[in-house]
Amino acid sequence: MKTANLLLGVGIEEIPDWMIVPALDDLRRRFLTALEKFQLHEGVTVETHATPRRIVMWATGIPVKQADAKETVTGPPASAGEKAAEGFARKMGVEVGQLKKTETPKGAYWSYKRKIKGRRTKDLLAEALPEVFLGISWPKTMTWTGKSGARFIRPIRRLVAVYGGKVVPFEMAGQKSCNLATGHRRLHGDKNWDRIKVHDLESVKEGLRRNFVLLDAAERRARIEQGITALLTGGALRVRSNPKLLETLVYLTEYPTPILGGFDPKYLELPEEVLVTVMQHHQKYFSVEDAAGKLAPHFIAVMNIDGDPDGIVRHGNERVLRARFNDARFFWETDQKKKLADRVEDLKHVTFQAKLGSYYDKTERNVEWVKELGGNEHAQRAALLAKCDLTTELVKEFTELQGVVGGLYARAQGESEAVTQAIYDQYEPVPRTHEGQILALADRLDTLESFFQLGLMPTGSKDPFALRRAALGVVRILVEGKHHVAIPPALRDFVLDRVRYYFREVRGYPYDEVNAVLAAGSEDLVDAADRLEAISKVRPTADFEPLAASFKRIRNILRQANFEGTAAPDPALLEAGPERDLYDESRRLAAQVKGLGYHDALAAIASLRSRVDLFFDKVLVNAPDEKVRQNRLAFLAELLREFSTIADFSEIVISGSQPPA
Amino acid sequence: MLSFQDVCFELKHYWARQGCLIQEPYDVEVGAGTMCPETFLRVLGPDPYRVAYVQPSRRPADGRYAENPHRLYKHLQLQVILKPPPDDVISLYMKSLEAIGIDLRRHDFKLEEDNWESPTLGAWGIGCQVMLDGIEISQFNYFQQCGGFELDTVAVELTYGLERLTAFIQDVDSVYDIQWNERWKYRDVRFQDELQFSVYNFEKADVAALWQGFDLHEKESRRLLDEYAGLTVAEEKKRFPLLAAYDGVLKCSHLFNLLDSRGAISVTERVAVIGRVRALAVGLAQAWVDQQYGAREVAA
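As given, the protein sequences belong to chains P and C, one line each in that order.
Every position in the first sequence, counted from 1, becomes a number in this note's numbering once 3 is added.
Every position in the second sequence, counted from 1, becomes a number in this note's numbering once 10 is added.
The hints are simulated quantities; they were obtained by calculation from the structure and are not laboratory data.
Predicted, not measured: the structure shown is a model, and the values here were computed from it.
Among the clues, some could well be false.
Chain C side only, calculated, beta carbon under 8 Å to chain P, not exhaustive [stated by the list, open to error]:
1) 100
2) 118
3) 121
4) 136
5) 158
6) 162
7) 272
8) 273
Derived CB-CB ranges, DEER-like [unchecked claim]:
9) P:4 x C:109: 55 to 65 Å
10) P:364 x C:247: 45 to 55 Å
11) C:127 x P:403: 17 to 27 Å
12) C:108 x P:300: 25 to 35 Å
Every residue gets a Cβ at the ideal spot worked out from N, C-alpha and C, and that includes glycine.
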């Protein structure tokens, strides 16, 4: 089958940088789904590219037309008579003589095998592309030509669609397709910089490059990285790596060029956290450090033009940064005039959440939580002051620095180091100090409990108050900070969900091990984590999985027998041989493992395997004598109970074969 | 080098050449050019419109006693409304910068995501901020909703921060050093204004009197809106003073901002007071659309 290649290029007003990559994945998926529907997908390759102003898709090897196909249409039953057959033939546009009778399990039916002529791909593309493209999913869309017009992330201003060298004729969002791309907004290589003739991916890349657009994100990334390296030759300075900022800049520019700027070293007196936030978050600059890792009075900005020969852009950026640093310094000095401790009352004017009142109320609750969690006086002091930085000018200006600023002010105002660090770290996943962890736990538990009391728990994918994150935070602090604290009953199910997520996705444990451990007890997460670690160590040993299989077998036996007794078995009724051996060994082991760590205990339990196997080989659980049978069940139940405190082994999924019932 | 007033002149000329009507500032206090009837009311309904005007925008809480080089209680915006937006709106805007002498080939020009929302006006839009050599000089906003209405004819709003833009052109670090014309600086024109209103807004404004004013304007606006809602005769509707009711909304909004800067609005009150202004704004928009276009749409 003859094939041809499709070039789709859409010019759009600046798309928010962080939305671009997911949109490209979605476009590719949607396009392939459409091709599959047309049976045109075999052997097709699709690649996508984007800058903030354009999305380009290049698909190769698409058959130029659909294959002809045959289809059997089943009509009325043969028993329905002549009239029905005539009607069916008419519907198919043929004579009755051309119909066939097909035998089916329900009897004979009239049928007709018809030919379906394959359509031309060019026509199919013209029909399908608008829906494929406009259907890309975005976090928030807009209209620009009214409610009945297109809905997309930003207005669409250009449409290029070429298949097999020819324009695919269609309209999308008011734009007619053509084969003319447009270059950089201000830098132009060609006279016809906004009418660059293109026919395939290579011609697009070349035409755009001539007009100062690097279509390939990898190329833009490389240009930024190489540019930075060139700026910093000499080795006295090095850039502070920031992959997220790099990606932002890659998708914020079409022709990125880094420049090096500087600022007055006097600003280095300000806390580094503030300087770095201004540079990286607000100005999208990379910060720079000296050989010793100390922040240097320089920055790297990435422009969307090819150079700054006269230093105009550098000068402008230095001016902005100076203004920002001046502001920060002004705020820093102003805020010092009122201590954090004197700001607690001011929290009455800061809303926590409309229905949950102010941060003053939350502070009171947090302090109570800290006490309940056994927090010392430092932790309590930290909880009292923790939210006060919300009333400072610096945090109003740099909201992402909340907590950090509180910590810096606390230190400057002579609070203890324990208080300072706890405040500083309060929004960290796991604060460094014990006091910090207690404060962060208290804060998150209170948030969860307060929202739950209002019935505002997250549903489905919606989690506007980031409660799942708060719950995950609780889990991480409990486990990684080794806090033996039980989760409040009202939050248990919600938090346990995050516990599973944490162990599986964050720590990478297999789901069955997680289930096995939690089934044996989830009150104390530190303990659960220890048990999980032990399980995963013992699992690869030869005896473990067979023993787990045996435990599953025991559980099934008990279930089938409806046995729920918890009485101890009577040793006198046990049969000599494998049963008695197993009993003796299990008593010995039960006594032995009590003094052992989880890992050794599990290894010891696994050593039961040969005796358990022998028991099942030689002993009939369903003994004819009722008393013997009941005693045997009681024995097995005790065995299961005794050795399931670390993990419920019956939750372990045995690889390979199905466990015996 | 262009003076502050030159920048205003040149931009107005430029937009006049693009078919914009050049308006004068509205004479009631507003927090942003968007609140002027020339924007808030004109973006409603289907009629095409193009207008540009300089609007002093008052934000009492942003006052800094004329001590901060960038923060002002009152700053000047150039507001441009293009309805419907032309396809080449961004290059039109870029040319406006060239009209005031900025050679964009030698500067770093970026558009960065920045959506706009005003709960008090029942309005939101999709847009971006214009960054020039790392400083934000303008905002783009495609109105999607206004006064609670999903807009069918979309308008684009371009807002220039005139002080920032001129400080950039004149390369000065403080807005007060901006040359307003050859003879006077921004400081000479605006210093007392910034100082005295900061003192008033933060220290002297009488909270009880402000509340009274708020209640009074709200009551008057509400009375008018209720009366309009009761009208059945078409001629009476056509001549009814909804614009006066809208002035009341603006007064309420400004008084709210003043009370806020005075620290007089508690957490619990805040949401409720915003809700009161919003109810007026949305009610007014609905009445306006009914009066001007006879639309039966119901505002969200």
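We went through each hint and held it up to the structure:
1. Using the Cβ-Cβ criterion of 8 Å, the hint placing residue 100 of chain C at the interface with chain P is satisfied: the shortest such distance is roughly 6 Å.
2. Interface restraint check for residue 118 of chain C: the shortest CB-CB distance to chain P comes to about 4 Å, inside 8 Å, so the restraint holds.
3. At a threshold of 8 Å, the smallest CB-CB gap from residue 121 of chain C to chain P is about 4 Å, leaving the interface hint in force.
4. Interface restraint check for residue 136 of chain C: the shortest CB-CB distance to chain P comes to about 4 Å, inside 8 Å, so the restraint holds.
5. Because the smallest distance between the Cβ of residue 158 of chain C and any Cβ of chain P comes to about 15 Å, over 8 Å, the interface hint for this residue is violated.
6. Given the 8 Å rule on beta carbons, the hint for residue 162 of chain C holds: about 5 Å separates it from the nearest Cβ of chain P.
7. Restraint check, residue 272 of chain C versus chain P: the minimum CB separation of about 12 Å is more than 8 Å; hint violated.
8. Interface hint status for residue 273 of chain C: upheld, as the beta-carbon distance to the closest one in chain P is roughly 7 Å, under 8 Å.
9. Range check, residue 4 of chain P to residue 109 of chain C: about 57 Å between beta-carbon atoms, so the 55 to 65 Å window is met.
10. Roughly 48 Å separates the CB atoms of residue 364 of chain P and residue 247 of chain C, a value that falls within the hinted 45 to 55 Å.
11. The hinted window of 17 to 27 Å between residue 127 of chain C and residue 403 of chain P holds, with their beta carbons roughly 20 Å apart.
12. Range check, residue 108 of chain C to residue 300 of chain P: about 34 Å between beta-carbon atoms, so the 25 to 35 Å window is met.
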